[in-house]
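Residue numbers (full-length UniProt numbering): 1 to 585.
To be clear, the hints were calculated from the coordinates, so they are not data collected in a lab. Predicted model only: the values in this text are computed from it and were never measured. Among the clues, some could well be false.
Pairwise CB distance ranges (calculated) [what the hints assert, rightly or not]:
#1 Q230 x S257: 48 to 58 Å
#2 S257 x S24: 49 to 59 Å
#3 Q369 x T418: 45 to 55 Å
Simulated pairs of lysine-lysine, BS3-like, Cα-Cα distance not exceeding 25 Å [as the list claims (entries may be wrong)]:
#4 K84 x K43
#5 K432 x K422
#6 K432 x K499
#7 K43 x K377
#8 K198 x K148
#9 K212 x K84
#10 K377 x K473
#11 K169 x K212
#12 K458 x K499
#13 K476 x K499
#14 K473 x K432
#15 K499 x K452
#16 K422 x K473
#17 K409 x K499
#18 K290 x K211
#19 K432 x K546
#20 K422 x K377
Each residue gets a CB set at the ideal place from its N, CA and C atoms; glycine is no exception.
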Amino acid sequence: MKNPVNALVQMVKMKSIQFIITASFTLVTVAVMLFVGVMLYSKFSETAEQNAFLHTQQMIDQVSFNLNSYLDSMKEIFELAAEKIRRSENVPDDKLTERLGTILETREDLVSVAVFSREGELIAAYPQAAMRKNTRLQEQSWFQAALKDPGHISFSLPHIQNLFQGEYKWVVSMSRGISVSQNGEREDAILLVDVNFKTIDDLCQRVELGKKGYVYIIDLAGNIVYHPQQQLIYVGLKNENRAIALKNSYGSYVDESDGERRLVTIKTLDDIGWKIVGVSYMDEIATTKKEISGFIFWLLVVVIAVVVFVLTYISAAISRPIRNLERSMQQVEKGDFTVNLAVRGSHEVEQLSRRFNHMVIRIRQLMDQIIREQEAKRKSELEVLQAQINPHFLYNTLNSVVRMVGIGKNEDVITTITALSKLFRISLSKGKNIITVQEELEHVRNYLVIQKMRYKNKFTYEITAQDEVLPCKTLKLLLQPIVENAIYHGIEPLADQGKITVSAERSDGDILFRVRDNGLGIPPHVLEQIGSGQIKSKDGSGVGIKNVHERIRLFFGEAYGLSIESDEETGTTVTIRIPMITEET
1 MKNPVNALVQ MVKMKSIQFI ITASFTLVTV AVMLFVGVML YSKFSETAEQ NAFLHTQQMI
61 DQVSFNLNSY LDSMKEIFEL AAEKIRRSEN VPDDKLTERL GTILETREDL VSVAVFSREG
121 ELIAAYPQAA MRKNTRLQEQ SWFQAALKDP GHISFSLPHI QNLFQGEYKW VVSMSRGISV
181 SQNGEREDAI LLVDVNFKTI DDLCQRVELG KKGYVYIIDL AGNIVYHPQQ QLIYVGLKNE
241 NRAIALKNSY GSYVDESDGE RRLVTIKTLD DIGWKIVGVS YMDEIATTKK EISGFIFWLL
301 VVVIAVVVFV LTYISAAISR PIRNLERSMQ QVEKGDFTVN LAVRGSHEVE QLSRRFNHMV
361 IRIRQLMDQI IREQEAKRKS ELEVLQAQIN PHFLYNTLNS VVRMVGIGKN EDVITTITAL
421 SKLFRISLSK GKNIITVQEE LEHVRNYLVI QKMRYKNKFT YEITAQDEVL PCKTLKLLLQ
481 PIVENAIYHG IEPLADQGKI TVSAERSDGD ILFRVRDNGL GIPPHVLEQI GSGQIKSKDG
541 SGVGIKNVHE RIRLFFGEAY GLSIESDEET GTTVTIRIPM ITEET
């Protein structure tokens, strides 16, 4: 049963105004934020990718510019050396060497300057050092390039300087054909300038293309001029795909040849034919996208959380007066008509609250009116019943008196007539319904006197009372119907003489009347009906126990009334509880 009940509760909650307001606005907000988030992510991702492409291109352009500037400065040094050699007519070799030394000392990145004949003989060199044995000068790439195109400065691939004995450095050789004066005659020669490759290496290593990106340089034939992992390439531990760089001179391209997406950016140095190639890894660009998506995601989460919190507060403020109205209606439904709903909220809710208060006040007025009318009706009915009792009882008593006169029991006649007059005097009580306890006991005493005469002493009676309760107030005619039932239903069927005891005492601020008899008692099923509220009498006065109980509760409230205890063949005890009302009260 719990699951259907919980489901029903959840459905009711889901249909509440607060839930509808919160859910609807939240869904709209989430939809808008998701749309904005997707658009922002798409735009930011596109921008990030474009920025990555642009950044790589700018870095390659910067490397190209720096390398071009450096090579141009080397060319100027080369041209300066060539010009000094060209002007050195009839200058001894030692003087020429000295002039070459002057040029070399102007730059720290110059390793050596040398002049060779077309046959490969050394004419002059600085620093002066002996050439290595078995050096095949004509096989050197720079030498062949100068012979092939003597008017153009050629650049060799990086290599170890292997011409002279001594320090072996990683260099790039610049060469070109020149003319020198030897023994008064000019002859063609080749000028060689070795540049320390470390400067070019430093220029390329300064470039950062992400965490894994790098820059390398190749010539037009695809030979590697520079690579940050050049040694690994030489030993075959790394392979560089140079096809895209050889095919294109400029631009950015995506390479997926090794299973990993890379952005390849190319820039060509036209003067020397070198190609600067920048390699960026697309997963780093994707990482940037992930960071953007993560930022947008958490931004959406925070915004949605704030929106839900704000909407919950706003919807609660809107629905709170309606919930208060609902709770007030539930109280009214339970019978509480003292509810007074606070009039606040929106205009419509204020109108509902105000009309609800008017409705409750009107219902309360109508209920009070009905209660008053019912009380008046009950009192009228009881008065009519009481008016019926008196003639009936009077008729029976007078019949008994007639019989006693007939048999000459004059004293009994006097006693009966005296008791009857006192009984009616108390019954009338000048029209009052409230009398003292003493008067109520006196009334039941006279009633018992008369009934004892009628039943020819079939029972005895005893009346006791505490002195402090005698002056207290009570409804009249409470005890007579109870005693009447004790006589008719308990004592009369007995074969033996019966006894009726009437007592009045104080208990917890109330007055308890007890009427006991030793009659036949009440059967259990009848007693059970009486305990469940079905208190009524079948015979007797007509007022009976039910009317006594209703009169007490009508005048004194629900806390008061009568209760019955009975055992068959043992007797019955009827207890009446009323509030203790004194003259001062």
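Status of each hint after checking the structure:
1. Q230 x S257: 48 to 58 Å: Violated, at about 20 Å.
2. S257 x S24: 49 to 59 Å: holds (54 Å)
3. Q369 x T418: 45 to 55 Å: Distance hint for Q369, T418 holds at roughly 47 Å.
4. K84 x K43: Roughly 60 Å separates the two Cα atoms, so the pair is violated.
5. K432 x K422: holds (16 Å)
6. K432 x K499: violated (31 Å)
7. K43 x K377: Outside the cut-off at roughly 86 Å; violated.
8. K198 x K148: violated (28 Å)
9. K212 x K84: violated (46 Å)
10. K377 x K473: holds (23 Å)
11. K169 x K212: violated (28 Å)
12. K458 x K499: OK: K458 and K499 at ~9 Å, within 25 Å.
13. K476 x K499: holds (23 Å)
14. K473 x K432: holds (12 Å)
15. K499 x K452: At roughly 11 Å apart (the allowed maximum being 25 Å), K452 and K499 satisfy the hint.
16. K422 x K473: It holds: about 19 Å lies between the C-alpha atoms, which stays within 25 Å.
17. K409 x K499: holds (24 Å)
18. K290 x K211: holds (16 Å)
19. K432 x K546: Within the cut-off at roughly 21 Å; holds.
20. K422 x K377: It is violated: about 29 Å lies between the C-alpha atoms, which goes past 25 Å.
Hints 1, 4, 6, 7, 8, 9, 11 and 20, counting from the list given before, are not met by this structure.
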